[in-house]
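Visitor: Next come the chains, spelled out residue by residue.
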Amino acid sequence: MPYEVHTAPGDDPQPEGPRATDYGWPLWEVFVRARRGLSHVHAGSLHAADAETALESARDVYTRRSEGVSIWVIPSAQIVASDPDDADILFDSDKPYRHPTFYDIPDEIGHM
Amino acid sequence: MPLFDEIIAADHKVEPRDEMPEAYRQTLIRQIAQHAHSEIIGMQPEGIWITRAPTLKRKAILMAKVQDEAGHGLYLYSAAETLGVSRNELMERLHEGRQKYSSIFNYPTLTWGDIGAIGWLVDGAAITNQLMLARCSYGPYARAMVKICKEESFHQRQGFEIMLTLSKGTPEQRAMAQDSLDRWWWPSLMMFGPHDAESTHSEQSTAWKIKRVSNDRLRQEFIDMTVPQAEFLGLTVPDPELRWNEQTNHYDTGPIDWDEFWAVVKGNGPLNRQRIDHKIAVWEENAWVRKAAEAYAAKHMVPQG
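Quick note, the sequences are listed as chains A and B, same order. All letters in the first sequence, in the order written, are residues 1 to 112 by our numbering. All letters in the second sequence, in the order written, are residues 113 to 417 by our numbering.
Treat the hints as calculated values from the structure; they're not laboratory data. Just so you know, even glycine gets a beta-carbon here, dropped at the ideal spot from N, CA and C. Among these hints, one or two may not hold up.
To be verified - So the derived label-pair ranges between C-beta atoms look like this:
#1 A:P84 with B:I162: 44 to 54 Å
#2 B:I162 with A:D86: 29 to 39 Å
#3 B:P367 with A:I89: 54 to 64 Å
#4 A:D94 with B:K378: 47 to 57 Å
#5 A:P84 with B:H362: 38 to 48 Å
#6 A:D94 with B:D117: 23 to 33 Å
#7 A:V69 with B:L354: 47 to 57 Å
#8 A:G24 with B:K262: 24 to 34 Å
#9 A:H42 with B:I162: 25 to 35 Å
#10 B:P114 with A:H99: 44 to 54 Å
#11 B:E284 with A:S39: 26 to 36 Å
As the list claims (entries may be wrong) - If you want the ones that stay clear, here's a sample from chain B, every Cβ over 12 Å from chain A, calculated:
#12 D123
#13 G185
#14 S198
#15 Q359
#16 K391
#17 H412
Pulled out of the complex, with its shape left as it was, chain A reads as follows (with noise of 0.2 Å):
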């Protein structure tokens, strides 16, 4: 359903205060194979208090209609990533000859 929410004039919102990341359940993020022969794909999060009732809510939450045939739940701790002030390095340095459409090859050969 909605969705946006209007102000009224003279009830301009606060700033929202210092970030906290205080919750009773710890976070998970879910991830969900579509069928078989597909790779598990990161579908979303949510809170819960164990890994059991992390599944059950993740199949509540992310799978209502039928979107996957396997579910699995990982808590948000344990995710490392990579920086994103590190992306130009890691990312940026594609070589060109490692793509087969560097290379002529003469029409004769045909598909290859």
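Using the hints provided, position chain B relative to the given structure of chain A.
Guide: The following block gives chain B in isolation, referenced to the frame of chain A:
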């Protein structure tokens, strides 16, 4: 790392770990949280009809729909949390009235026809807005919107089908459908917010590409889409000034009662007090479930890492 302004200018998505202006972060926290609150509070007007649905089929459908609203709330809370705010904090802000939810849910659902009207009109208006938000600049919000829009389509269609069934039924059922349209039409148009000239926060949100279409344009899109549907149902839109304008290729409409709109926003709608009281009561009554789950988890904790 690409600079925030470059990401926005290039029409790329901002992701949680990108640097972003604090005001952008705060605007999104507030908007996404209030969107989530709306989904959660929105379960109330429909939830009370689950036990009174006219058939078992309608009851099963309504349960699925209300469960979807809970799911939508959860996708959105997760999206808000990527901005560095905790779920508990958002819940507290709702309960203390520091954050709001969509005013439309402060109207009562008096008849079964209202369940039809909510799906058709309220969800229809929501889809119009959410299709725009699916293109917004913040990645997690945009992705949540894509999933929500897909599911919302079922909501709108089932609502229209309820209206169709009523409008083909007995004179009493037709009257019920008309009465629901009469009561939900104007509040649905108000969902798009004040006219562009009076919309205070739109300019910055548009510059940040959170908002991509103006309130009035979205509202017009909704009106143009919905009026022919009302005609198909044989129902009368409660606006004596409604006319098709051949020059503009849009419907012209009568004035919206903005006094009513602001009264409901400020807390004086029919059910503002009940909605939030119920939300708090349920949260408190269920505290033992949360505590039990935590105790169970602590007892069965497997060491990690």
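Visitor: If a hint holds in the structure, say so; if it does not, say that too.
Guide: Evaluated hints:
1. Distance hint for P84 of chain A and I162 of chain B: a CB-CB separation of about 45 Å, consistent with the stated range 44 to 54 Å.
2. Range check, I162 of chain B to D86 of chain A: Cβ separation about 51 Å, and the 29 to 39 Å hint is violated.
3. Hint check: P367 of chain B to I89 of chain A, Cβ distance near 59 Å, so the stated range 54 to 64 Å holds.
4. Checking the proposed 47 to 57 Å range against D94 of chain A and K378 of chain B shows it holds: the Cβ atoms sit about 56 Å from each other.
5. Restraint check, P84 of chain A to H362 of chain B: a C-beta distance of roughly 44 Å satisfies the suggested window 38 to 48 Å.
6. Range check, D94 of chain A to D117 of chain B: about 25 Å between beta-carbon atoms, so the 23 to 33 Å window is met.
7. A hinted range of 47 to 57 Å for the beta carbons of V69 of chain A and L354 of chain B is consistent with their spacing of about 49 Å.
8. One distance hint, 24 to 34 Å for the beta-carbon pair G24 of chain A and K262 of chain B, holds here, with the actual separation near 31 Å.
9. Our hint of 25 to 35 Å for H42 of chain A and I162 of chain B holds, since their Cβ atoms are close to 33 Å apart.
10. A hinted range of 44 to 54 Å for the beta carbons of P114 of chain B and H99 of chain A is inconsistent with their spacing of about 24 Å.
11. Taking 26 to 36 Å as the suggested C-beta distance range, the pair E284 of chain B and S39 of chain A does not conform, at roughly 55 Å.
12. Listed as outside the interface, D123 of chain B is consistent with that label: its C-beta sits roughly 18 Å from the nearest C-beta of chain A, beyond the 12 Å cut-off.
13. G185 of chain B, annotated as away from the interface, has a beta carbon of chain A within 12 Å; the closest lies near 9 Å.
14. Chain A draws S198 of chain B into its interface by the beta-carbon criterion, the shortest separation being 5 Å against a cut-off of 12 Å.
15. At the 12 Å boundary, the C-beta of Q359 of chain B stays outside the reach of chain A, the nearest C-beta of that chain being 30 Å off.
16. Every CB of chain A lies more than 12 Å from the CB of K391 of chain B, the least distance being 15 Å, so the non-interface label holds.
17. At roughly 6 Å, the least C-beta separation between H412 of chain B and chain A is not larger than 12 Å, which violates its mark as non-interface.
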